[in-house]
Each structure stands twice: as C-alpha cells, then as structure tokens.
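**Q** Using the sequences plus the hints, can you model the full thing?
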Amino acid sequence: MLALEPVAPDAIDRAAALFHRDGFAVVTDALNDEQFAYLTEGAHRVVAEQTAAIPLEEANRGFARYSFGSQIHHPEWAMLVDLP
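For the working numbering, count along the sequence shown from 1 and bump the result up by 3.
Read the hints as simulated data drawn from the structure, not as lab findings. Among the hints, a few may not be true.
Claimed, not checked - Estimated spans, in silico, between C-beta atoms of each pair: (1) 43 to 11: 21 to 27 angstroms; (2) 75 to 29: 18 to 24 angstroms; (3) 25 to 56: 15 to 21 angstroms; (4) 57 to 14: 35 to 41 angstroms; (5) 44 to 73: 17 to 23 angstroms; (6) 61 to 9: 32 to 38 angstroms; (7) 7 to 79: 32 to 38 angstroms; (8) 60 to 14: 14 to 20 angstroms; (9) 85 to 62: 17 to 23 angstroms; (10) 73 to 47: 17 to 23 angstroms; (11) 16 to 52: 24 to 30 angstroms; (12) 77 to 22: 20 to 26 angstroms; (13) 24 to 78: 28 to 34 angstroms.
Ideal Cβ positions, reconstructed from N, Cα and C, are used throughout, including at glycine.
**A** Now the structure itself:
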C-alpha cells in the first residue's frame, strides 16, 4: 500500500515535489461535490465500456488489469485540465 501524503490546494511547492518524486500528487478538496460526481460517473462508464469490450482474462498485462490510458477526449477528464 502506498503511503500517500495528501496536500492542500495552496501547498503548491510540496505538491510539485511529490509529483516529481512519485509521478502524481494527491490534492485535497481539488474537486467540489458536483465535479467529483461527474468524474466518478465518467470513470464508471469507461470501466463498463472496457470490461464489455475486453474479457477479464484478456485484460492488459494479466487477469482483470485495465488501463484508463489517455482519456482527455472524454469531457469528465477534459474538465480536470482547467480547474480554477
């Protein structure tokens, strides 16, 4: 299990350091409830599309492994590019 260090939205330098170290940063309160619900619905839709198209035993690099890959063409992911 990863030991994640969530950071506040105003902790930009720490978030940048974590991003450079880990390849991602966990930012608390980055999305409001509406944005979170919208993104969750999109993720569920994409997971359903992937699992319908590719059987579990034929998934990426082993049983039941799927990848979101590039999803910027979906509006739910595109929304993340321009958050205030």
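**Q** Decide, hint by hint, whether the structure agrees.
**A** Okay, the hints, checked on the actual structure:
The hinted range of 21 to 27 angstroms is satisfied by residue 43 and residue 11, whose Cβ atoms lie roughly 22 angstroms apart. The given range of 18 to 24 angstroms is respected by residue 75 and residue 29, whose C-beta atoms sit roughly 20 angstroms from each other. Our hint of 15 to 21 angstroms for residue 25 and residue 56 is violated, since their Cβ atoms are close to 30 angstroms apart. Between residue 57 and residue 14 the CB atoms are about 39 angstroms apart, so this pair conforms to the stated range of 35 to 41 angstroms.
In this structure the supplied range 17 to 23 angstroms holds for residue 44 paired with residue 73, their Cβ-Cβ distance being about 19 angstroms. Restraint check, residue 61 to residue 9: a C-beta distance of roughly 35 angstroms satisfies the suggested window 32 to 38 angstroms. The hinted range of 32 to 38 angstroms is not satisfied by residue 7 and residue 79, whose Cβ atoms lie roughly 22 angstroms apart. Taken as a hint, the range 14 to 20 angstroms is violated for the pair residue 60 and residue 14, whose Cβ atoms sit roughly 43 angstroms apart.
Taken as a hint, the range 17 to 23 angstroms is violated for the pair residue 85 and residue 62, whose Cβ atoms sit roughly 32 angstroms apart. The hinted window of 17 to 23 angstroms between residue 73 and residue 47 holds, with their beta carbons roughly 18 angstroms apart. Our hint of 24 to 30 angstroms for residue 16 and residue 52 is violated, since their Cβ atoms are close to 38 angstroms apart. At roughly 22 angstroms, the beta-carbon separation of residue 77 and residue 22 lies within the given 20 to 26 angstroms, and the hint holds.
Look at residue 24 against residue 78: about 31 angstroms separates their beta carbons, and that is inside 28 to 34 angstroms.
Violated hints, listed in ascending order, are 3, 7, 8, 9, 11; each of the other numbered hints is respected by the structure.
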